[in-house]
Amino acid sequence: MDREKIIEILNRDISNEIEAILIYLRHSFVLHDENPKISRRLEEIAIDEMRHMEWLSEWVVDLGGTPTVEHVKLEFPEKTAADMMRRNIKLEEMAISDYTEHIEMADNPKLKRLLGKIRFEEEDHLEEFKESLEEVLTEELTVGSLKEE
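In terms of the numbering used here, the sequence shown opens at residue 491 and continues consecutively.
Certain hints may be false.
Unchecked claim - Within a straight-line C-alpha distance of at most 30 Å, the following computed DSSO-like cross-link-like pairs (lysine-lysine) qualify:
1. K580 <-> K569
2. K620 <-> K607
3. K620 <-> K495
4. K580 <-> K495
5. K602 <-> K620
6. K495 <-> K563
7. K563 <-> K620
Keep in mind that the hints were calculated from the coordinates and are not lab data.
The whole structure should be built from the sequences, with the hints applied where relevant.
Set out below in structure tokens:
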């Protein structure tokens, strides 16, 4: 794969990381009072995504490119913590799929290792969001049953 194509792919990954950072931080802010534990978890995952963005940006610079700061216009239709976790699960599933594809495309062993490391962390995030979804659904059921009594 040529240098320009690698830069293009890495910049797309950077853009996706930026979007995840913004979404996770917003969800963290919104859930701060309602669910401090999940809010903190979201903040920690956003920090992981910042690190991914940094690593990818370093590669782009090393290849002679300029790291992007562009991202799509984000909307936040989620009304509940469960909706937020479902969106986050989808984001992580897409990231895992993208990184898997990019690992297969990469020729450079060091780049493959980096993308593999990021994918591994995204897999951890996916599991954390699934656990968070279970937690909020359990809380909703508990609160709902208390209201009925």
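Results of checking the hints against the structure:
1. K580 <-> K569: holds (16 Å)
2. K620 <-> K607: holds (20 Å)
3. K620 <-> K495: Outside the cut-off at roughly 34 Å; violated.
4. K580 <-> K495: holds (26 Å)
5. K602 <-> K620: holds (27 Å)
6. K495 <-> K563: holds (24 Å)
7. K563 <-> K620: Roughly 25 Å separates the two Cα atoms, so the pair holds.
In summary, the structure is inconsistent with hint 3 from the numbered list given earlier, while agreeing with all the others.
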